[in-house]
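Given next are the chains, with one letter for each unit.
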Amino acid sequence: MYENPVFNIGLTHFLIVSALLAAAGVATILTKRNAIGILIGVELVLNAAAINLVAFNRYAWSQKIDGQMFAIFIVVLAAAEAAVALAIFLNYYNIFSSIDVEKWDELRG
Amino acid sequence: MPLLAQQSDVFAPAAPFLFYALAALTVLSAWSIVFSQSIVRMSVYLLMTLGGAAGFYFMLSAEFLGAIQLIVYVGGTLILIIFGIMLTSKNPFMQLRPATWEVFVGVFLGAVIAGGLILSVAKTAIDVSRAPVPTDYTRIQTIGHALLTKYLVPFEVAGVLLLVVMIGAAFLARKRAVSGRS
Numbered sequence: 001m002y003e004n005p006v007f008n009i010g011l012t013h014f015l016i017v018s019a020l021l022a023a024a025g026v027a028t029i030l031t032k033r034n035a036i037g038i039l040i041g042v043e044l045v046l047n048a049a050a051i052n053l054v055a056f057n058r059y060a061w062s063q064k065i066d067g068q069m070f071a072i073f074i075v076v077l078a079a080a081e082a083a084v085a086l087a088i089f090l091n092y093y094n095i096f097s098s099i100d101v102e103k104w105d106e107l108r109g
Numbered sequence: 001m002p003l004l005a006q007q008s009d010v011f012a013p014a015a016p017f018l019f020y021a022l023a024a025l026t027v028l029s030a031w032s033i034v035f036s037q038s039i040v041r042m043s044v045y046l047l048m049t050l051g052g053a054a055g056f057y058f059m060l061s062a063e064f065l066g067a068i069q070l071i072v073y074v075g076g077t078l079i080l081i082i083f084g085i086m087l088t089s090k091n092p093f094m095q096l097r098p099a100t101w102e103v104f105v106g107v108f109l110g111a112v113i114a115g116g117l118i119l120s121v122a123k124t125a126i127d128v129s130r131a132p133v134p135t136d137y138t139r140i141q142t143i144g145h146a147l148l149t150k151y152l153v154p155f156e157v158a159g160v161l162l163l164v165v166m167i168g169a170a171f172l173a174r175k176r177a178v179s180g181r182s
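From first to last, the protein sequence lines are chains A and B.
Quick note on this note's numbering: the first sequence kicks off at 1 and runs consecutively.
Quick note on this note's numbering: the second sequence kicks off at 1 and runs consecutively.
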């Protein structure tokens, strides 16, 4: 049974899942009008990259932990970036009274 | 010898089932975010996607990372996103719908990216080493030791970054005189 590549879970399976997640993230960034929806799409892309890194670490370089360390820093940076992005969105919401990105049509100096 | 079940042969038959269950959860939730209309539903689907990713980390012998994902990403970043939704929604059932052609273009571009990545992965013979996973693979001692020796600079820089982000976000979101546009 494990000779069938469908059941022998290898590196390729995880890379395909990561590719589908990245595609979903890009589609979310492109189609959402809610600014927080765009932020959710960015989180999806970051998660796809982290799964990719950990899969490569486990399969192609299993004596080291560098992929996991990179993924840990991805988690940290995603949290920091979400905080700053939400602070900026709050400012835009206060100025334009809407979270719709199509209404955000002016830069404030 | 199945690659994923090298560490524990007892669970060897469960590896494909577990992988496909987690993959279905993660990928279906992620694509539900694309087609969802309500921002709160998108947050719930993101929660399921992040949980599925944490399951993948546990499968890939990165248990510490899986725990960090659940604590920091689900319990921190997702909660932050929900706070943002609460603070910026005038109408809880408001739906911002993009035009249909925009959805088609977005999904088409996502499919192009997915197709390109999957084709490049499927056509490449990736040399996967057969080395078994060492027994101290994800011991906290290994990760802690690496954080203080090999990854010391990123560790300290991440600390400074978090301090700057705390100060910056608190300053950006401070209360000020309301200047709404009519």
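Hints are not guaranteed to be accurate.
Stated by the list, open to error - 20 angstroms max Cα-Cα, derived PhoX-like pairs, lysine-lysine:
1) Lys150/B / Lys90/B
2) Lys103/A / Lys150/B
3) Lys64/A / Lys175/B
What the hints assert, rightly or not - Which stretches of chain B does chain A cover? Using the computed rule of at least three CB atoms under 8 angstroms from a CB of chain A, they are:
4) 56-68
5) 72-82
Hints listed in this document are in silico derivations from the structure and should not be mistaken for laboratory results.
Ideal Cβ placement from N, Cα and C applies to all residues, glycine included.
Legend entry - Pair hint Lys103/A and Lys150/B, alpha-carbon separation not exceeding 20 angstroms: It is violated: about 47 angstroms lies between the C-alpha atoms, which goes past 20 angstroms.
Legend entry - Within 8 angstroms of chain A (C-beta), three or more residues of the stretch 56-68 of chain B: holds (count 8)
Inset, instruction - Assess, step by step, whether the Cα of Lys64/A is no farther than 20 angstroms from the Cα of Lys175/B, and give holds or violated. - result: It is violated: about 47 angstroms lies between the C-alpha atoms, which goes past 20 angstroms.
Inset, instruction - Starting from Lys150/B, check that the Cα of Lys90/B is at most 20 angstroms away, please. - result: violated, 48 angstroms
Legend entry - 8 angstroms C-beta criterion, at least three residues: is the stretch 72-82 of chain B covered by chain A: holds (count 6)
Consistency with the previously given hints fails for numbers 1, 2, 3, ordered from lowest to highest.
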